[in-house]
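The primary structure of each chain is shown beneath.
There are 2 protein chains.
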Amino acid sequence: MRLSNLADYAVVTMCQAARHCGGGKVSAAELASESGLPAPTVQKVVSKLTSAGLLRSSRGAGGGLQLARPAAAISLADIVEAVEGPIALTACVEGEDCAVHEKCSVKPHWPIVNSALRGALAEIPLTRLAQIPQVKEVA
Amino acid sequence: MRLSNLADYAVVTMCQAARHCGGGKVSAAELASESGLPAPTVQKVVSKLTSAGLLRSSRGAGGGLQLARPAAAISLADIVEAVEGPIALTACVEGEDCAVHEKCSVKPHWPIVNSALRGALAEIPLTRLAQIPQVKEVA
DNA sequence: TGAAATCGGAACGAATCAGTCTGATTTAGG
DNA sequence: CCTAAATCAGACTGATTCGTTCCGATTTCA
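These protein sequence lines are chains A and B, in that order.
Going left to right, the first sequence walks through residues 1 to 139 as this note's numbering numbers them.
Going left to right, the second sequence walks through residues 1 to 139 as this note's numbering numbers them.
Derived from the structure by calculation, the hints contain no laboratory data.
No experiment lies behind these values; they were computed from the predicted model shown.
Incorrect hints may appear among the rest.
Identical copies look the same in the list; a pair holds intra-copy or inter-copy alike.
[Unchecked claim] Calculated cross-link-like contacts (lysine-lysine; reagent style DSSO-like; alpha-carbon spacing at most 30 Å):
hint: 1; residue 1: K25; residue 2: K107
hint: 2; residue 1: K107; residue 2: K44
hint: 3; residue 1: K48; residue 2: K25
hint: 4; residue 1: K25; residue 2: K44
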């Protein structure tokens with residue numbers, strides 16, 4: 001029930017990338033220095049994000065990263081799935097058979113729980129995470 | 001974003017225990033044989049569930065387990081938290097400091113996501129998971 | 001009193017994850 | 001056209017956590 005660190009870093013990195021969205025390309029090293037994360041780790045995160053189609057990479061000198069889609073069209077669920085694979089609380093949701101595959105009374109209920117969680121994450125766009133909220137409100 | 005196997009087993013075990021709720025005490029070995037899970041694993045799960053106060057254990061010969069509360073008052077979130085600890089997607093929600101503790105723009109948003117997920121799990125009572133649905137409906 | 005059955009904690013092994021590094025590819029400039 | 005720099009992409013190592021199993025302490029019934 002805990003997100004992996006990679007996924008956490010991916011969210012932070014995507015937020016940083018979203019800020020540079022209008023500016024064009026940004027290098028992974030720049031994102032690392034801005035976010036304070038170790039550079040090699042950011043590189044790894046960026047690789048996964050690019051493979052998933054969330055980021056577009058331009059190689060060669062003067063290259064860099066840029067969001068493949070507008071920030072509003074990228075949800076938290078997309079980022080998590082890009083790094084951690086499909087959101088599935090249990091293996092049986094994925095089709096893998098568990099030890100109690102036969103007459104498992106809980107099995108039919110997992111998809112409902114699963115979609116509920118995924119829906120909660122899908123409703124949070126990257127724009128909402130990237131915006132620095134005025135935390136002036138009284139807690 | 002995946003539930004640990006222990007938590008999965010805990011849910012199955014609790015469902016089995018809920019069926020025996022009216023019958024009184026049930027041994028961990030019986031729950032294991034009924035669910036098809038390895039007996040030692042069930043024992044470990046039962047220990048955690050008892051420590052969390054979800055199950056009540058009676059030691060000695062003829063002892064066994066029984067639900068500490070009515071099944072309707074036990075939610076999926078309770079079971080997950082009993083096995084995996086507090087539901088916290090990231091370490092910073094728990095108070096632990098992450099590498100980017102300073103000016104982490106994402107940090108203020110995590111509690112919202114976290115509570116959303118926890119709420120989704122808290123709304124599913126054990127009774128709903130224990131009942132065997134008439135899966136006659138066309139998928 | 002004896003014995004059985006239970007929970008509780010500790011130890012071992014495996015798997016996944018985090019982090020680091022080196023190599024291949026691509027572009028810009030001379 | 002070639003050189004050189006900068007980039008991403010994949011593979012490797014070490015560590016932490018999870019899963020599983022086993023054994024001991026405690027408690028109750030007969």
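Each hint tested on the structure:
1. For the homomeric pair K25 and K107, the shortest alpha-carbon distance between copies (25 Å) is at most 30 Å, but the shortest distance inside one copy (46 Å) is not.
2. For the homomeric pair K107 and K44, the shortest alpha-carbon distance between copies (22 Å) is at most 30 Å, but the shortest distance inside one copy (35 Å) is not.
3. In this assembly of identical chains, the alpha carbons of K48 and K25 lie at most 30 Å apart only when taken from the same copy (18 Å versus 50 Å across copies).
4. Taking the shortest Cα distances, K25 and K44 sit within 30 Å of each other inside one copy (18 Å), while across copies they are farther apart (52 Å).
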